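Protein chains: 4
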Amino acid sequence: MAEAWPDLAGRLVAGVHVLPVRVYFEDTDAGGVVYHARYLAFCERARSDMLRLMGIHQSRMGELGFVVRRMACEFLKPARLDDLLEVETRFRDWSGARLEMNQLVRRGAEVLFQADVTIAVIDLRGRPRRLPAKLAALFSGVTES
Amino acid sequence: MAEAWPDLAGRLVAGVHVLPVRVYFEDTDAGGVVYHARYLAFCERARSDMLRLMGIHQSRMGELGFVVRRMACEFLKPARLDDLLEVETRFRDWSGARLEMNQLVRRGAEVLFQADVTIAVIDLRGRPRRLPAKLAALFSGVTES
Amino acid sequence: MAEAWPDLAGRLVAGVHVLPVRVYFEDTDAGGVVYHARYLAFCERARSDMLRLMGIHQSRMGELGFVVRRMACEFLKPARLDDLLEVETRFRDWSGARLEMNQLVRRGAEVLFQADVTIAVIDLRGRPRRLPAKLAALFSGVTES
Amino acid sequence: MAEAWPDLAGRLVAGVHVLPVRVYFEDTDAGGVVYHARYLAFCERARSDMLRLMGIHQSRMGELGFVVRRMACEFLKPARLDDLLEVETRFRDWSGARLEMNQLVRRGAEVLFQADVTIAVIDLRGRPRRLPAKLAALFSGVTES
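Protein chains in written order, with this note's numbering: chain A, 1 to 145; chain P, 1001 to 1145; chain L, 2001 to 2145; chain C, 3001 to 3145.
Chain A with its partners taken away, still in its complex shape (with noise of 0.2 Å):
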């Protein structure tokens, strides 16, 4: 079924990926703009995309997992109803356990929101894990040098 709909989880490409999000009532408020913290979930569709087209599965990650630590975000410009906006996620650095990356939304060129992101690698029950070499050496292959 996933054949179906080939841009559904957006384009990796030269290490940036993009993901299409379209804007609907559910994700705007009644200051007639995008609800703030919509943006975050928009980026966090990203960051799962961009793990699904590197092969990566949350859902089937067994005991490891991933978690936002920090997210310094900028909020610049309201989007509204019906715009189509895309969301461009960059790896910066990651180390043992952690994963650094950028995150953008724009409608065209204009860049509507902004955030450094710091992604934990963590078990079952919460604790810091290293990442494991299979999948440092995929989030190696992403990562600006």
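Think of the hints as simulated: they come from the structure by calculation, not from any bench. Note that the coordinates shown come from a computational prediction; the quantities given were computed from them, not determined experimentally. Ideal Cβ positions, reconstructed from N, Cα and C, are used throughout, including at glycine. Possibly wrong hints are sitting among the right ones.
DSBU-like, lysine-lysine: derived pairs with alpha carbons at most 30 Å apart [unchecked claim]:
id : chain 1 : residue 1 : chain 2 : residue 2
1  : P       : 1077      : L       : 2134
2  : P       : 1134      : L       : 2077
3  : C       : 3134      : A       : 134
4  : A       : 134       : C       : 3077
Over the 10 Å line for every Cβ pair with chain A, so calculated as not near, a few chain C residues [unchecked claim]:
id : residue
5  : 3093
6  : 3095
7  : 3129
8  : 3144
Taking beta-carbon pairs under 8 Å as the criterion, some of the chain C residues facing chain L (in silico) [said to hold, decoys possible]:
id : residue
9  : 3008
10 : 3025
11 : 3026
12 : 3028
13 : 3030
14 : 3031
15 : 3032
16 : 3035
17 : 3083
Place chains P, L and C on chain A using the hints.
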């Protein structure tokens, strides 16, 4: 800490549970009103809190769980930002593995939303299960005759 | 930019609209499945995108709007993280100020959710309005006979 | 009706606002914990209720509005279903068109989330506006010296 906020789970009087719900930006959409699916979340909060006041904590139910099977919803009038709503929950009936409830969302005397709700009791694999006698006795106590 | 993502609004073929929906963490709950109210949001996305493919953009409808009046929902089976779902939308009937639809959410051939939906046409004050002739003609074209 | 639920907007004592927040299914995800973006919504509820207790109702602010410009978030420990959380909000500083706050989410004494938040005052077109003298006086009263 719960004692510090005595009304946080609403009140259960004569078999009717009432939960106050404030409308925040997150609940509204670009139409200036509460997004329709939010009423279902308000009703789920109310069911959880009614159970809580009956001594049933869903996070400690072990291998049993409650799921919504059917919900016939009427969206009568819009709620708006800053509104103070009240969710009323009444048990209508229960059988071996099903609970029937009616829920409505009011702003003062004005009914904005109402739903007939069927809840099923399931085990961890999602299979229907009979309501344990201890829970059945609790539900009998709050069911309209 | 919309041309870059040709399937973003799904597909409308022979009066049936199909929208793909990926299940992300935001859609799931601690029960490990999709939170029940999310199906209503998935259906709203599908209705918005079906209208979009018919040339109707809700953010440009001026003083008219669509609101959900009634929704009879059946939650048949749970969806889970990473699932690829498809929402099918069919117009059943329309009259002066009302549209009747059926919507279902599938995972492959397996139906997880289905709902009969009544939509009303309202003006900015929330009063019922007749469907303008131009829209009526569009809806006639996609209504099952 | 608000009098019937005296603590619904939390409490504002000596410049610190505390809002109780119960964790419901809607707030959790398939990881079994609170979805990260929900903390931002909890913080927005707290800011709205703190303003409410100061006599400022955002739905009646006419042509002025508050928007989040920046939010530096740390996700320290996970919250879970049924947890009773408390959101603490403190004003740090304010200038012509900006408010600086610190917000944290606790479970008892344990801090789960904390954020430094910058709020901007804008008009209906999204342009920065100076805080009116009346509001400025209110904010001075709750800002830490």
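Status of each hint after checking the structure:
Between residue 1077(P) and residue 2134(L), the direct Cα distance comes to roughly 27 Å. Compliance with the 30 Å bound is thereby established for this hinted pair. Under the criterion of a C-alpha separation no larger than 30 Å, the hint pairing residue 1134(P) with residue 2077(L) is consistent with the structure, at around 27 Å. Straight-line distance between C-alpha atoms of residue 3134(C) and residue 134(A) comes to about 60 Å, which puts the hinted pair past the 30 Å bound. Note on residue 134(A) and residue 3077(C): the hinted pairing holds, with a Cα-Cα distance of about 27 Å set against a maximum of 30 Å.
The Cβ of residue 3093(C) lies farther than 10 Å from every Cβ of chain A, with a closest approach of about 18 Å, so its non-interface assignment holds. Every beta carbon of chain A lies more than 10 Å from that of residue 3095(C), the smallest distance being close to 18 Å; the non-interface claim holds. With a least beta-carbon separation of about 15 Å from chain A, residue 3129(C) lies farther than 10 Å from that chain, consistent with its non-interface assignment. Its beta-carbon lying about 23 Å from the closest one in chain A, residue 3144(C) satisfies the requirement of being farther than 10 Å from that chain.
Against a cut-off of 8 Å between C-beta atoms, the interface hint on residue 3008(C) is violated, since the closest Cβ of chain L lies about 22 Å away. At a threshold of 8 Å, the smallest CB-CB gap from residue 3025(C) to chain L is about 4 Å, leaving the interface hint in force. Satisfaction of the interface hint for residue 3026(C) is found here, the shortest Cβ-Cβ separation to chain L being roughly 6 Å, below the 8 Å cut-off. Interface restraint check: residue 3028(C) against chain L, minimum CB-CB distance 4 Å, threshold 8 Å, status holds.
About 4 Å separates the beta-carbon of residue 3030(C) from the nearest beta-carbon of chain L, less than 8 Å, and the hint is met. Taking 8 Å as the C-beta cut-off, the interface hint given for residue 3031(C) holds, the closest approach to chain L being about 7 Å. Hint status for residue 3032(C): holds, given a least beta-carbon distance of 5 Å to chain L, under 8 Å. Evaluation of the residue 3035(C) hint against chain L yields a held restraint, the C-beta minimum of about 6 Å falling below 8 Å.
Among the interface hints, the one on residue 3083(C) is violated; its C-beta lies about 11 Å from the nearest C-beta in chain L, farther than the 8 Å criterion.
Hint check: violations occur at hints 3, 9 and 17; the rest are consistent with the structure.
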